[in-house]
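The whole structure should be built from the sequences, with the hints applied where relevant.
The sequence shown runs 1 to 304 under the working numbering.
None of these hints come from the bench; they were simulated from the model.
There could be a bad hint or two in this list.
[As the list claims (entries may be wrong)] Here are the simulated lysine-lysine pairs, DSS-like style, with alpha carbons at most 27 Å apart: (1) LYS173 - LYS105; (2) LYS112 - LYS236; (3) LYS204 - LYS191; (4) LYS75 - LYS19; (5) LYS175 - LYS9; (6) LYS75 - LYS9; (7) LYS85 - LYS9; (8) LYS5 - LYS173.
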Amino acid sequence: MENVKNFVKLFVEYLQIEKNYSQYTIVNYVDSIEEFETFLRVQGINGFEKAVYQDTRIFLTEAYEKGLSRRTISKKISALRSFYKFLMREKLVEENPFQLVHLPKQEKRIPKFLYQKELEELFEVSDISQPTGMRDQALLELLYATGMRVSECCSITVNDVDLFMDTVLVHGKGKKQRYIPFGSYAREALKVYMNSGRQCLLMKAKEPHDLLFVNQRGGPLTARGIRHILSGLVQKASGTLHIHPHMLRHTFATHLLNEGADLRSVQELLGHSNLSSTQIYTHVSKEMLRNTYMSHHPRAFKKN
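Following this line, the structure appears as structure tokens:
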């Protein structure tokens, strides 16, 4: 058991120091490793070094039987493959049982996004006479205005926001930083929240901090907290929408591209390392497809 903990500790240090991975990514990697370690113990296998290829097949079969998506399973395989590759480099194991495991083919899913009318409903429900309502409005406006990840939003500090230049410094994956501009709606919502709402909420804080978004107790707002806030706003709006925080990122990218923004610029704003990650957003709304067709096809409608 001691060896297991040491292996994981060494790997975490490697991810932090050599790979510069974000804390969010590291937590996901460790979760996958601990899940595999639990599986091995149930199978009567004590130690990562004793696992063989057949064990990985059983582990993944169980993952499929649990109903996990191909994307989730791919992430687990990648994490465990990297873990064993590191252990081999350090000569802590003799083979990588995940080396021959193939990643499942990904389902081609079009990202879900919100239409303008749905967004307007959300923007109207926050009670901006209350500190939490000021925060919720600023949070919603900033997520849509910048397309940043929820994990990135949680790490934004007050000093990262420039209300004169209308920009925010985002700390992305792999400790990469980027500046993202925002518009007047986000600026006004942020100004109200930072000057009033945040100050009220901070009065309940146990310890001082400079993170931009805070919870009802004045502490740092977490990703789970953001999901809870968004869920509450949806219930106040129509209650029929099924929205997760990442949909605002999808919506940001989709709306920019639908309005003519070039792919490279959207890539930079989203903080994608590869253009292929951004290309998934090149789908267009049904309305835009119909409008394009009706405007340009010679036989779209009968002429009088």
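Are the Cα positions of LYS75 and LYS9 separated by 27 Å at most? OK: LYS75 and LYS9 at ~20 Å, within 27 Å.
Assess, step by step, whether the Cα of LYS175 is no farther than 27 Å from the Cα of LYS9, and give holds or violated. 20 Å, holds
Holds or violated: LYS204 with LYS191, Cα cutoff 27 Å? Roughly 21 Å between the alpha carbons, so the hint for LYS204 and LYS191 holds.
Just to be careful, I want the Cα atoms of LYS173 and LYS105 compared with a cutoff of 27 Å; is the pair within it? 24 Å, holds
Can you confirm whether the C-alpha distance between LYS112 and LYS236 stays at or below 27 Å? Distance ~21 Å between LYS112 and LYS236 Cα, so the pair holds.
Keeping to a limit of 27 Å between CA atoms, is the pair of LYS75 and LYS19 held or broken? Answer holds: LYS75 to LYS19 is near 17 Å, not above 27 Å.
Is the Cα-Cα distance between LYS85 and LYS9 27 Å or less? 15 Å, holds
Would the pair LYS5 and LYS173 pass a check requiring their Cα atoms to be no farther apart than 27 Å? 26 Å, holds
Hint compliance for this structure: no hint is broken.
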